[in-house]
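Protein sequences appear in the order of chains A and D. So the numbering used here is basically just the index in the first sequence, starting at one, shifted up by 39. So the numbering used here is basically just the index in the second sequence, starting at one, shifted up by 39.
Accuracy of the hints is not assured; some may be wrong.
Each pair may be met inside one copy or between any two copies, as identical chains are not told apart.
Straight-line distance between alpha carbons at most 30 Å, and here's what the computed DSS-like set of lysine-lysine pairs gives [said to hold, decoys possible]:
no., residue 1, residue 2
1, 316, 232
2, 311, 246
3, 111, 227
4, 368, 311
5, 234, 246
6, 375, 172
7, 338, 316
8, 351, 232
9, 111, 368
10, 61, 246
11, 269, 61
12, 269, 368
13, 351, 246
14, 269, 172
15, 111, 338
16, 234, 111
17, 270, 368
18, 316, 368
19, 375, 316
Don't read these hints as lab results, they were simulated from the structure.
Spelled out from the first residue to the last, the chains are:
Protein chains: 2
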Amino acid sequence: MTNTQTFPLSYLHDFIVRVLTKLDIPEQDAHQAAEILTLSDLRGIDSHGIARLRTYVGLLNAGRINPHPEIKIVRQTASTATVDGDNGLGLVVGPFANEVAMQKAEEVGSGWVSVRNSNHYGIAGYYPLQALKRDLIGMSMTNASRIVTPLWGAQGMLGTNPIAIAFPGLHEPPIVIDMATSVVAFGKVEIQKRKNEPIPEGWAIDKSGHGTHSPDEMIDHGALLPLGTKKETGGHKGYCLASMVDILSCVLSGANWGPFAPPTAIDLPRSKEQVGKGLGHFFGAWQIEGFIDPAAFKKQIDHWIQVFRSTKPAPGTDGPIIPGDPERKQEAIRRKEGIPLLLPVVDDLRTVAQTVGVSF
Amino acid sequence: MTNTQTFPLSYLHDFIVRVLTKLDIPEQDAHQAAEILTLSDLRGIDSHGIARLRTYVGLLNAGRINPHPEIKIVRQTASTATVDGDNGLGLVVGPFANEVAMQKAEEVGSGWVSVRNSNHYGIAGYYPLQALKRDLIGMSMTNASRIVTPLWGAQGMLGTNPIAIAFPGLHEPPIVIDMATSVVAFGKVEIQKRKNEPIPEGWAIDKSGHGTHSPDEMIDHGALLPLGTKKETGGHKGYCLASMVDILSCVLSGANWGPFAPPTAIDLPRSKEQVGKGLGHFFGAWQIEGFIDPAAFKKQIDHWIQVFRSTKPAPGTDGPIIPGDPERKQEAIRRKEGIPLLLPVVDDLRTVAQTVGVSF
Chain A
40 MTNTQTFPLS YLHDFIVRVL TKLDIPEQDA HQAAEILTLS DLRGIDSHGI ARLRTYVGLL
100 NAGRINPHPE IKIVRQTAST ATVDGDNGLG LVVGPFANEV AMQKAEEVGS GWVSVRNSNH
160 YGIAGYYPLQ ALKRDLIGMS MTNASRIVTP LWGAQGMLGT NPIAIAFPGL HEPPIVIDMA
220 TSVVAFGKVE IQKRKNEPIP EGWAIDKSGH GTHSPDEMID HGALLPLGTK KETGGHKGYC
280 LASMVDILSC VLSGANWGPF APPTAIDLPR SKEQVGKGLG HFFGAWQIEG FIDPAAFKKQ
340 IDHWIQVFRS TKPAPGTDGP IIPGDPERKQ EAIRRKEGIP LLLPVVDDLR TVAQTVGVSF
Chain D
40 MTNTQTFPLS YLHDFIVRVL TKLDIPEQDA HQAAEILTLS DLRGIDSHGI ARLRTYVGLL
100 NAGRINPHPE IKIVRQTAST ATVDGDNGLG LVVGPFANEV AMQKAEEVGS GWVSVRNSNH
160 YGIAGYYPLQ ALKRDLIGMS MTNASRIVTP LWGAQGMLGT NPIAIAFPGL HEPPIVIDMA
220 TSVVAFGKVE IQKRKNEPIP EGWAIDKSGH GTHSPDEMID HGALLPLGTK KETGGHKGYC
280 LASMVDILSC VLSGANWGPF APPTAIDLPR SKEQVGKGLG HFFGAWQIEG FIDPAAFKKQ
340 IDHWIQVFRS TKPAPGTDGP IIPGDPERKQ EAIRRKEGIP LLLPVVDDLR TVAQTVGVSF
């Protein structure tokens with residue numbers, strides 16, 4: 040870890056706010072965006088944290104994101120809504136829509152919001168973590184740039200389309216699920232490339248559709264494989280899950296589904312054909328009390344966690360962990376010690392600071 | 040296919056009704072059960088169809104399923120409910136709870152029902168197919184006997200815990216997703232055993248936690264692996280999905296979660312410890328109109344299907360198919376030609392007929 044430089048969390052938060060406000064993002068929105076990005080860094084999901092700031096800045100500078108969106112509910116029932124993000128930052132549109140879902144859950148037991156005309160919304164796990172604070176079970180999904188092939192395909196047609204959901208414990212920490220529906224997130228391929236190491240069997244194909252161990256061949260018009268990899272080991276299931284996320288997030292809201300998703304990096308080409316507006320997300324929340332006494336629920340979750348931790352371990356392992364354990368462990372360390380950023384990321388931030396005209 | 044005997048659909052339906060009514064199941068409930076079981080056979084999911092009748096009969100004869108349940112809503116909000124199945128047939132409890140979810144969706148935009156004190160509910164896909172008939176997007180999940188290990192575990196702690204969801208097209212057939220969250224369903228291992236063939240890499244472990252190619256070693260206190268198989272290829276994700284299903288179906292309703300799930304076969308031992316009542320399910324439904332004009336939605340689904348069918352094919356394949364294609368193809372054939380049953384299944388049904396005292 041000598042190729043990193045460590046920063047206090049609050050400094051990075053403040054830097055993001057200064058950059059975004061300089062780019063005409065209202066201060067409250069900039070704080071919201073900084074909260075999501077730094078939470079990602081805190082939890083060790085480095086690919087979705089401040090490392091992405093450069094991309095957001097590029098898109099804002101190019102006029103491809105609206106800094107002053109009028110985010111609106113365009114259709115609703117007591118427990119559902121469609122939100123139009125007016126091409127705002129996903130880091131601002133997402134929390135708005137998640138809030139609508141949580142309010143509806145508090146009012147009528149559950150709330151579901153499909154979102155169109157948005158942009159990259161950060162880590163999927165941020166949203167259910169907000170719901171936890173209100174004794175709700177929260178869920179979030181989003182589409183993303185075309186980079187995952189359907190089973191038996193030879194090109195990226197879907198995003199890594201994550202699903203996140205969280206359940207509160209009583210004395211135990213919450214169970215937090217946040218997973219791409221592809222075998223791995225794209226960030227894992229980038230890490231192998233940076234280390235100049237091959238990628239494992241079953242992650243990706245090259246542009247001709249053949250399996251590849253080369254990060255470069257995946258990146259050059261290849262694609263990631265869906266969770267399950269091949270038919271024999273359930274590759275159709277990862278494709279099914281990514282499709283579900285795509286349809287709930289985009290077809291239901293009127294966003295750009297599948298291969299028409301706008302790229303979240305400025306240097307990637309946009310699809311000429313548009314089938315909707317911007318990126319799409321999907322948020323949900325359930326009142327625990329609508330099903331069961333919340334204290335009883337949390338007590339059972341504690342028991343669940345204890346029972347699963349005591350599973351007989353597979354040979355050569357310490358046994359199963361609980362979803363959310365690795366991120367929680369990182370968060371505990373980084374809250375104390377600060378956020379280690381890779382030097383190329385630090386360089387990027389320096390460039391961002393110069394371009395925008397703030398200090399770093 | 041010489042080791043099968045083909046029966047008309049209506050004959051099998053009628054046989055199931057005669058068997059169940061003889062076992063004191065009310066006629067309407069028997070018809071409901073027969074509808075689900077024969078739909079499974081029609082769609083080619085032979086493991087969940089009439090082949091299971093023997094098990095249901097065994098459990099009914101042993102007094103382990105209540106033929107006259109008082110199925111009740113025990114808690115509810117406008118858009119959520121918890122149902123107690125009073126230990127009735129899952130094939131009867133499931134449709135009751137799904138109906139509650141669909142009615143709530145029609146009233147307030149969405150409906151969610153967690154179910155306890157139930158039994159095996161047939162194919163997960165049956166329930167969203169009912170929702171399609173009412174222009175709703177339906178979802179269903181269920182727990183099942185402990186047979187799937189968490190990642191890094193060496194014993195079955197979760198069921199194959201399926202997730203099903205369906206989306207209607209306009210001129211195209213619906214997209215129907217119905218998938219176990221394990222690498223494969225247990226039925227696939229049984230098929231390899233019957234054929235006396237090994238199971239592929241990545242499906243299962245033996246009782247010591249080592250990977251195995253032997254169906255017998257998996258069946259003898261081994262376990263299936265979660266979707267994704269190992270850490271490197273996302274085995275933690277299959278574990279996450281199975282956990283989500285388990286918690287929504289069981290912890291939220293007060294059913295037996297994880298390893299405490301009652302076995303659905305009569306010859307398997309029951310857990311001495313109970314943490315709730317019976318098996319658990321989870322049903323959901325959304326009004327499409329609560330998000331978007333249903334005609335516009337269906338038109339986009341048609342477009343989605345056409346675009347995904349035209350994905351560049353992987354070498355040596357015909358390219359991606361649409362979720363639900365294989366089952367639809369089987370249904371078209373079997374509606375015309377009848378249901379082919381394996382001879383051991385036919386023998387089982389003959390035994391059932393003799394035990395119960397009906398003709399076959």
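Going through the hints against the structure:
{"no.": "1", "hint": "316 x 232", "verdict": "neither (33 Å within a copy, 51 Å between copies)"}
{"no.": "2", "hint": "311 x 246", "verdict": "within (21 Å within a copy, 54 Å between copies)"}
{"no.": "3", "hint": "111 x 227", "verdict": "neither (35 Å within a copy, 48 Å between copies)"}
{"no.": "4", "hint": "368 x 311", "verdict": "neither (43 Å within a copy, 35 Å between copies)"}
{"no.": "5", "hint": "234 x 246", "verdict": "within (22 Å within a copy, 38 Å between copies)"}
{"no.": "6", "hint": "375 x 172", "verdict": "within (22 Å within a copy, 55 Å between copies)"}
{"no.": "7", "hint": "338 x 316", "verdict": "between (43 Å within a copy, 16 Å between copies)"}
{"no.": "8", "hint": "351 x 232", "verdict": "between (36 Å within a copy, 26 Å between copies)"}
{"no.": "9", "hint": "111 x 368", "verdict": "neither (38 Å within a copy, 43 Å between copies)"}
{"no.": "10", "hint": "61 x 246", "verdict": "neither (40 Å within a copy, 61 Å between copies)"}
{"no.": "11", "hint": "269 x 61", "verdict": "neither (47 Å within a copy, 46 Å between copies)"}
{"no.": "12", "hint": "269 x 368", "verdict": "between (32 Å within a copy, 21 Å between copies)"}
{"no.": "13", "hint": "351 x 246", "verdict": "between (42 Å within a copy, 10 Å between copies)"}
{"no.": "14", "hint": "269 x 172", "verdict": "neither (39 Å within a copy, 33 Å between copies)"}
{"no.": "15", "hint": "111 x 338", "verdict": "between (39 Å within a copy, 24 Å between copies)"}
{"no.": "16", "hint": "234 x 111", "verdict": "neither (44 Å within a copy, 59 Å between copies)"}
{"no.": "17", "hint": "270 x 368", "verdict": "between (35 Å within a copy, 18 Å between copies)"}
{"no.": "18", "hint": "316 x 368", "verdict": "neither (38 Å within a copy, 35 Å between copies)"}
{"no.": "19", "hint": "375 x 316", "verdict": "neither (41 Å within a copy, 44 Å between copies)"}
Consistency note: the structure conflicts with the earlier hints numbered 1, 3, 4, 9, 10, 11, 14, 16, 18 and 19.
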